[in-house]
Amino acid sequence: MDAREDLPKVSIETEQDWRRIQHNFSAALLARLDTELESHGQAGDKDALLPHAHQFLETLFDISRPNLRINGRTSITDEPCDDEDDLDMEPFDEALDRHIWSLSDQRLKWDKDVADRRRTRPTDIEKLIADGLTQHHDVETSETSNEYADFSAKQVDPELERTLLNTVSLAPRPLQSIQSLQNRSDKIKSVSAEVKALKP
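The UniProt record's numbering applies: residue 1 is where the sequence shown begins, and numbers increase by one.
Check the hints yourself; a few may be wrong.
Okay, the calculated beta carbon distance ranges per label pair [stated by the list, open to error]:
no. : residue 1 : residue 2 : range
1   : L49       : L108      : 22 to 30 angstroms
2   : A43       : H23       : 37 to 45 angstroms
3   : E161      : K189      : 22 to 30 angstroms
4   : K109      : T35       : 49 to 57 angstroms
5   : R20       : L108      : 33 to 41 angstroms
6   : R117      : E94       : 33 to 41 angstroms
Distance condition first, Cα-Cα at most 20 angstroms in a straight line; then the derived DMTMM-like pairs of lysine to aspartate or glutamate [what the hints assert, rightly or not]:
no. : residue 1 : residue 2
7   : K9        : D105
8   : K46       : D62
9   : K9        : D62
10  : K127      : D138
In case anyone wonders, no lab produced these hints; they're calculated from the structure.
All residues carry an ideal CB built from backbone N, CA and C; glycine is no exception.
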């Protein structure tokens with residue numbers, strides 16, 4: 001959502017420019033009033049209409065003031081700034097202001113995008129991991145169940161079968177030889193200890 005106002009404001013460089021606009025508008029309105037009164041032959045009614053014209057101008061300027069941006073400041077009050085303040089103040093850069101607001105809007109969009117991702121991504125990743133684990137488990141189960149399902153005895157090569165049988169029959173032998181070697185090692189250690197214990 002844009003933090004700025006929905007309707008753009010009228011930018012004026014300085015407070016003096018605003019006063020000059022007010023003066024020019026007032027002068028133009030009063031000149032038009034004089035012209036209209038003279039054309040209708042009612043020049044004597046000017047004194048009666050002047051207070052109403054001034055009231056109209058005041059109301060008009062009060063209504064227009066909130067829609068103004070004077071040197072980058074939005075002011076709803078009609079208090080004139082000091083001339084010294086206006087001289088000390090840098091002129092307002094409208095392009096820079098627009099650029100700053102666009103960067104701010106972009107940052108807000110990014111923050112919203114990051115917040116949305118923080119809310120949705122963990123559940124998406126959790127769902128992906130759960131689906132992956134389920135698929136992996138299903139594949140393992142199907143592989144183990146179907147591994148030997150279609151494997152018949154006729155398909156086994158006789159040479160391969162003999163080799164497998166020899167390998168299986170040889171499997172206990174290394175274990176037995178390891179145990180016998182362990183026993184012999186223990187005996188050698190005990191004999192060696194006895195020999196060292198004997199005195200020459």
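- Is the gap between the beta carbons of E161 and K189 within 22 to 30 angstroms? Check failed, 44 angstroms falls outside 22 to 30 angstroms.
- Item | Distance restraint evaluation - R20, L108, Cβ atoms, bounds 33 to 41 angstroms | holds (38 angstroms)
- Message: Is 37 to 45 angstroms respected by the C-beta to C-beta distance linking A43 and H23?
- Response: violated (23 angstroms)
- Message: Would the hint linking K9 and D62 be met if the CA-CA limit is 20 angstroms?
- Response: holds (15 angstroms)
- Query: Should the hint that K109 and T35 are 49 to 57 angstroms apart at their CB atoms be regarded as holding?
  - Reply: Once the Cβ atoms are compared, 55 angstroms apart, the range 49 to 57 angstroms for T35 and K109 holds.
- Item | Pairwise beta carbon distance, R117 to E94, judged against the given window 33 to 41 angstroms | holds (35 angstroms)
- Query: Holds or violated: 22 to 30 angstroms for the Cβ distance of L49 and L108?
  - Reply: violated (52 angstroms)
- Does the structure keep K9 and D105 at a Cα separation of 20 angstroms or less? Answer holds: K9 to D105 is near 18 angstroms, not above 20 angstroms.
- Message: Between the alpha carbons of K127 and D138, is the straight-line distance 20 angstroms or under?
- Response: With a Cα-Cα distance of about 16 angstroms, the restraint between K127 and D138 holds, given a limit of 20 angstroms.
- Message: Does D62 sit within 20 angstroms of K46, going by the straight-line distance between their CA atoms?
- Response: With Cα atoms ~24 angstroms apart, K46 and D62 exceed 20 angstroms; violated.
Hint violations for this structure: numbers 1, 2, 3 and 8, all remaining hints satisfied.
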